[in-house]
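J.: Read off the chains here:
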Amino acid sequence: MRLSIALAVICWVVFTYFDLLFLLKNPTTQGSPLISRIFLALFLALVYFYYRYSITKSDNFNFLDLLWKVFVSGLVTTLVSLGISVFYNLFGSTAIGKSPLLSNLFYHINVGMISGFLISTFIIWKKLILYQKSKLLMQFWSLFEYSMIGALLFDLLGYQIPEPIAGAMFIFLLLQAIVLTFNLKWVAYLNFKQKWKSILFIFLVVVYLWYFFRLLWGYEDKDFISGIFLTKVFIAAMGSFIMIYALIAILVILFNLPTSSVFERKIKEAMDFQRLSQSIPAGQTEEQVYEILLDSSMSAVFADAAWIEIEASAENKPITYYRNLNRQEASKVKESIKNSTVKKILKTEFDKVSNPQKITASLKNSDYKTIIVFPVMVKNIQIGSLALLKEVNEGFNREMINIINTFVNQASISIENFRLINEALENERYKEELKIAKRVQKALLPEGIEDISEFELHAYSVAADEVGGDYYDILKIDDYSYTFIIADVSGKGTSAAFHMSQMKGIFHSVARITSDPKKFLVHANDALSACLEKTSFITGSFFLIDTRKQLLRFSRAGHCPSLYYCSQEKSSRYFQNKGLGLGIVRNKSYSNYVQVNEINYFKGDIIILYTDGITEAINSDNDQFGYDRLKNSLELRAELPPVEIKQGIIDDLYEFTGSNNLNDDYTLVIIKF
Amino acid sequence: MIEIKNTIEENVQHIRVIGDVDASSSIHLDNAMREAISKSTDIIVDLSELSYISSAGLGVFMSYLQELETNQQKFILCGLNEKVLEVFQILGLDQLLVIKENLAEARQQLDAPV
Numbered sequence: 001m002r003l004s005i006a007l008a009v010i011c012w013v014v015f016t017y018f019d020l021l022f023l024l025k026n027p028t029t030q031g032s033p034l035i036s037r038i039f040l041a042l043f044l045a046l047v048y049f050y051y052r053y054s055i056t057k058s059d060n061f062n063f064l065d066l067l068w069k070v071f072v073s074g075l076v077t078t079l080v081s082l083g084i085s086v087f088y089n090l091f092g093s094t095a096i097g098k099s100p101l102l103s104n105l106f107y108h109i110n111v112g113m114i115s116g117f118l119i120s121t122f123i124i125w126k127k128l129i130l131y132q133k134s135k136l137l138m139q140f141w142s143l144f145e146y147s148m149i150g151a152l153l154f155d156l157l158g159y160q161i162p163e164p165i166a167g168a169m170f171i172f173l174l175l176q177a178i179v180l181t182f183n184l185k186w187v188a189y190l191n192f193k194q195k196w197k198s199i200l201f202i203f204l205v206v207v208y209l210w211y212f213f214r215l216l217w218g219y220e221d222k223d224f225i226s227g228i229f230l231t232k233v234f235i236a237a238m239g240s241f242i243m244i245y246a247l248i249a250i251l252v253i254l255f256n257l258p259t260s261s262v263f264e265r266k267i268k269e270a271m272d273f274q275r276l277s278q279s280i281p282a283g284q285t286e287e288q289v290y291e292i293l294l295d296s297s298m299s300a301v302f303a304d305a306a307w308i309e310i311e312a313s314a315e316n317k318p319i320t321y322y323r324n325l326n327r328q329e330a331s332k333v334k335e336s337i338k339n340s341t342v343k344k345i346l347k348t349e350f351d352k353v354s355n356p357q358k359i360t361a362s363l364k365n366s367d368y369k370t371i372i373v374f375p376v377m378v379k380n381i382q383i384g385s386l387a388l389l390k391e392v393n394e395g396f397n398r399e400m401i402n403i404i405n406t407f408v409n410q411a412s413i414s415i416e417n418f419r420l421i422n423e424a425l426e427n428e429r430y431k432e433e434l435k436i437a438k439r440v441q442k443a444l445l446p447e448g449i450e451d452i453s454e455f456e457l458h459a460y461s462v463a464a465d466e467v468g469g470d471y472y473d474i475l476k477i478d479d480y481s482y483t484f485i486i487a488d489v490s491g492k493g494t495s496a497a498f499h500m501s502q503m504k505g506i507f508h509s510v511a512r513i514t515s516d517p518k519k520f521l522v523h524a525n526d527a528l529s530a531c532l533e534k535t536s537f538i539t540g541s542f543f544l545i546d547t548r549k550q551l552l553r554f555s556r557a558g559h560c561p562s563l564y565y566c567s568q569e570k571s572s573r574y575f576q577n578k579g580l581g582l583g584i585v586r587n588k589s590y591s592n593y594v595q596v597n598e599i600n601y602f603k604g605d606i607i608i609l610y611t612d613g614i615t616e617a618i619n620s621d622n623d624q625f626g627y628d629r630l631k632n633s634l635e636l637r638a639e640l641p642p643v644e645i646k647q648g649i650i651d652d653l654y655e656f657t658g659s660n661n662l663n664d665d666y667t668l669v670i671i672k673f
Numbered sequence: 001m002i003e004i005k006n007t008i009e010e011n012v013q014h015i016r017v018i019g020d021v022d023a024s025s026s027i028h029l030d031n032a033m034r035e036a037i038s039k040s041t042d043i044i045v046d047l048s049e050l051s052y053i054s055s056a057g058l059g060v061f062m063s064y065l066q067e068l069e070t071n072q073q074k075f076i077l078c079g080l081n082e083k084v085l086e087v088f089q090i091l092g093l094d095q096l097l098v099i100k101e102n103l104a105e106a107r108q109q110l111d112a113p114v
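Just so you know, the protein sequences line up as chains A and B, in that order. Numbering follows the numbering used here, with no gaps: position 472 of the first sequence is 472. Numbering follows the numbering used here, with no gaps: position 48 of the second sequence is 48.
Derived from the structure by calculation, the hints contain no laboratory data. Heads up, a few of these hints could be off.
[What the hints assert, rightly or not] Ranges between beta-carbon positions, derived for each pair: (1) B:Q72 - A:I436: 44 to 54 Å; (2) A:F602 - B:D111: 45 to 55 Å; (3) A:G648 - B:L85: 28 to 38 Å; (4) A:D479 - B:E3: 55 to 65 Å; (5) A:Y627 - B:D111: 31 to 41 Å.
Don't be surprised by glycine CBs; every beta carbon is placed ideally from N, CA and C.
Construct the complete structure from the given sequences, taking the supplied hints into account.
T.: So this is what it looks like as structure tokens:
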């Protein structure tokens, strides 16, 4: 780019040099040699390319800046040529002033400057014309540009070509220019002030052009000037194009002046609309959305006063904003609505249950003559209303109503999104809380219970949700006795998890006091009666293992019957003892329902404790895993250590259900003596 | 899915429970029970079309035991299928509730002198 401007200057110097040389040799002949014409053309081409790239490349699309550029380059050019004129006025009568050589040099300087101005303006005009371009326009412009280049070549070669052909060429270019001239879409994007400035700048361009042409014309008469610049089709066409465009632009801007306020308002509406729709990502609060809605609606319809009332905001506290009136005045307006003819419609308006509708009303006995009320809806429920007031009768036209409608709808969408985002965040927080709950609950189940030497033990528990209601635990009472519990809280999820932790508390406190199964269950029932929800109960089985006597004492509180494998008989059976769930009978009579059983165990015997999540697991045919399958599953693996028995049973269970995602909490505890 | 129908015959409410009673549908059962108890007549609950009952469903029956006794309303379950009956038995509810094989036996039980 710098290179092109440097080359352009060199070309200008060369072109001037040859012209002057020619003049010295042939002081009487008019015209310039071919070589200088070539360099003139080269100069013009280079300047053209320089501006084409420097102006097109810049992303600046501020129309006023572009026009300012034109204005400044025109000013510089004018100052230079004025400087030359002043020089002539001072020295016109002296020998230097009369020197044809010097006058010719000045002419060349003028030509250089003016063509620079013309070309830069041409390129800026191009940018303006091609604002909002279509394919057709682009093609037409390319044609025009190529025609201009053609004209340049024509000038270069066609010095001797007769006038009519050059004239035809000029008219051809001029026609294209006129067609292109009517692309003035950019004018619409100027605001009122910018339009006035544009008119000023363009008017000055016209003045410059007129001045330059006068100047060059003046040279034309002097026969000692070598180059006849003005007759060149290229420059003439370019100048005419710039002139026509400038004149038309001035007219169009002038005619657009009265409507510019409308256009500005439309743009402002669009901006407000955007502000509403982008208010959520911008991290604004619901209140700010309401304020934006209120302010943009007010300015869009030139309302004299307005208010917005939101009854159900996200925080469930009412929000009200008033503009240009206070609370008392607003209630006065509401009073006068009641007295006016639209009373009935308005009642439904403020009634949340009925289908809300927008209303307009003419007010009596109020400073304001017209009111319009819009319901603000979120998820089809009215959360509030927007009221706009005007001091004139029939103040709102259909278009205004449409605009407000759009604003209100957009605000509703924004608020809806806003709430959804908040809900999502809230859910995320709950998930985190649940994760913590899960960790806490996991810690409630005993760890390291496999380390007991007197028997082998393995436990496995999975909750359907993050937390569950299954519980098992073991407590060493003394050197020879252990108590063991398995329990299942009715229901599942968080409420079950709370009761499960209560059960743990009861087990760890009561089992230390009494290891007798019946006493334990009666105490536990007493304790739970006071704190369980009405519809909740806990089933459990309590075991006391005496390793010295090899004795198992146990009671069942409504829990699934435990499965016992006898190693001598090589078969298993379910304990058939009576019992009642904890928390079902919440009085002293509970002890009537508790039964204690006792058996002696032998080495190799296995006891399987489980929750109903296992036996009630269903497959796709709605069949339950059931007691028989569990029994078979155990008997197949009775010789294996507990870990492998557990794995086998779980494998069988998953194979049966066809999934390892069961619908309930399930626990499996295996004790092998 | 659950469907609950309540008809009054000879001053006795017949509640038919059709479908599954799990944690979510137990709410409907609870509502039906509360309404039935408020009418202070004797109640027969026909469970012959009940295919599954979860612990939450059992909890509903359990929670009204005290109230039924206080109101001196007779409360009889009937028509339980094998699986459902087993669930009641394991929990021990069969010791607290009157459970009859079918509707006829349930009615007979009501007519029998106390």
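J.: All hints are to be evaluated individually against the structure, with a verdict given for each.
T.: Results for each hint:
no. : hint                        : result
1   : B:Q72 - A:I436: 44 to 54 Å  : holds, 48 Å
2   : A:F602 - B:D111: 45 to 55 Å : holds, 54 Å
3   : A:G648 - B:L85: 28 to 38 Å  : holds, 30 Å
4   : A:D479 - B:E3: 55 to 65 Å   : holds, 58 Å
5   : A:Y627 - B:D111: 31 to 41 Å : holds, 37 Å
Against the hints set out earlier in the document, no violation occurs for any number.
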